[in-house]
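From first to last, the protein sequence lines stand for chains A and B. Here our numbering is used: position 238 in the first sequence is 238, and no number is missing along the way. Here our numbering is used: position 150 in the second sequence is 150, and no number is missing along the way.
If you're looking for bench data, these hints aren't it; they were derived computationally from the structure. Among the clues, some could well be false.
[Unchecked claim] Partial list, computed: chain A residues near chain B (C-beta under 7 Å):
#1 Asp149
#2 Leu162
#3 His326
#4 Asp365
#5 Trp370
#6 Asp373
#7 His391
#8 Ala394
#9 Lys398
#10 Tyr399
#11 Asp414
All C-beta atoms in this analysis are idealised placements derived from N, C-alpha and C, irrespective of residue type, glycine included.
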Amino acid sequence: MRFKSRLAIAAGRAAGSLSRALRLGGGTSLPGAVALKIDPRTIGALARRLDQGSVVITATNGKTTTANMAADILSAAGLLPIHNAAGANLAYGIATALMQGAGEGDRPTIGLFEVDEATVKNVVPDLAPRVLAVGNIFRDQLDRFGEVDQTARLIAAGISELPEGARLVLNADDPRVAALGQGFEPEPLYFGIDDVGYAQSGGIGAQDSKDCLVCGGPLTYERRYFSHLGHYACPSCGFSRPAPQVTAIDLDLTLRGSRFKLVTPAGTFKIELKVPAIYNVYNALLATSVCLALGVEPRTIAAGLADFKPAFGRFEMIEVGGRRLHIMLIKNPTGFNQAIEALNIDARPKNIFFAINDNLADGTDVSWLWDADIENLEAPKWLLAGGIRAHDMALRLKYAGFDDGALRVEPDFDSALKLALDAVAPGDDLYILPTYTAMLEIRRRLQHLGGVSAFWKPGGLIE
Amino acid sequence: MKTLRLAHLYPDLMNLYGDRGNIIVLRRRCAWRGIELVVDDVSIGDDLAGDYDLAFIGGGQDREQLLVCRDFQRRLDQFKGMVDGGLVVLAICGGYQLLGRRFLTYQNEELPGLGILDIETVGGQKRLIGNVVVKVKLDGSERLLVGFENHSGRTILGPGARPLGTIERGFGNNGRDGTEGARQANVFGTYLHGSLLPKNPWFADYLLEPALKRKYGDDFSLEPLDDGLEDAARTAAIRRIEEIHRRRWVPGWFKR
């Protein structure tokens, strides 16, 4: 390794230690930020030392869950995944993960990175990944990317930088994602859902892709699972859902978990996931396809998925004084709609705490609250709007018709949590729907109450 | 029961950044006063049939804006007639640009506009993104609008249009002349998403009132609503915008 790279890594590590010692935070990004400042080629220098190369996973929704699923499977396959922490999915975070992961243990290493959609094109030349996987493209933090089309263009730019022979793993059910595979060699590995029972019919909100990406004509859907994901075709030019090699059939979804059959070229396997909702089936399919592309045995994949536990804030359940707190991260209209759909599975009157922040990592534009179908929420009993943009959330609830005396507004996290814990009786459930940094704030406070384990994990500080 | 009819133009193509929140707000604020707001979606291939009092068009991506522009040509004379008759129009971002004379893309490609507002838009390379506070002076009283902008087009007003307001924070029409939005008779264009109307309920009422007066006579006036939550939300947003403005030198990796 070049002297400059070594210097950069040493300086980055020192900065990380100092920041941790001073309890300043920034531990998942700071070391990488410092190293990249000194040597912009740090990522490439470290990635070349990975025994099994690396994998890049990108999507609007589900990056963290998918990467965690893949990490569990790859660990079960005897590898040591070098893996960036949740949310630290920009170049700084990837560099930090590589710096912390190098030289640990004696298992062969593989880089497994969840990468922000706009960052893919910047890190692919350095990482030279063996597999690039794209899960979905929804409206997300459009304040950063401009427009949904732009997100697809940014990912396409990353794909064009892939080294010879690299595999693409794509969601066949997302037309915007499937279109990325047109003309790519070797043939991409497509995955999708082939279930009849969970298909929805018409009139679905937060749809971000209605036109054929090839000719601009309207797409028709034979089946739709949620938003614009489903079985589609364009009557004008013939563009249609590619036949997937990896599929899920016979879905059985509850609030406690998901069961389905995983069909792969190497056989069919029963899968039980500890996370609910159809989008987690897509996450599992993506993780599975990535591992198949890497040559992992389907049996190992099934075992890895069965052991998978949700990452913090993704359908995590925490007990505080006998109350069950369910944390469901929301980041965009589609995620919000899915959370509401999952909440509606519980038919009892519900206590719900919405916590909306507008920091950089949440997206600084809160317009998306108006694109979510909050009106669909069933049986709310007690509602609390919190976070920096508590008032925006409260307004959204008011105009959805939920302001009949049951709506409280409290931007301060300490006061909001106190209100919530006072309002919810022991034995009852509280649903918390936070944006990313609001989730970190809430977890930090719950940790003091003893409900949450510490944020320190081997491999670094989670926040 | 009093009724208003609103044409929601191209809701399937022109709806970025929560623009449909504006429709939700108009409908609720009418309902709270016992007025029914009938909303018709009018998209490609649909007729603009009906006696409309209001029209709304949201923002869209360039590709969709082009499709809409093409489809609009066949109803342009009809729509201009409705505007001359006092139709109240609210157009946001891409919809605002579309109502102008023309749009020059960054590559100097010219797209004709609808010519309803005397404005021209030129594509820029850097997107203008962020929170916006606008000072608006209508009917003599000075009020604020808050919202969020996200556009690459730079809009310049011709002599026929007046700016909707002046920029306190943010970029506005072009980031140079300190103006935001445009107004010509009852046609209002602005770059503000947010959604615009929820946190600016006075402006929602300001749009509803002329539509109601036209239909039910000049004596008609809107009964006031309890806008405590709306006003608190606007105040909180302005406080947040000032806080972000003060911290704009903090590096990105530290903010997350």
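Taking each numbered hint in turn, which are not upheld by the structure, reported in ascending numerical order? 2, 3, 6, 11
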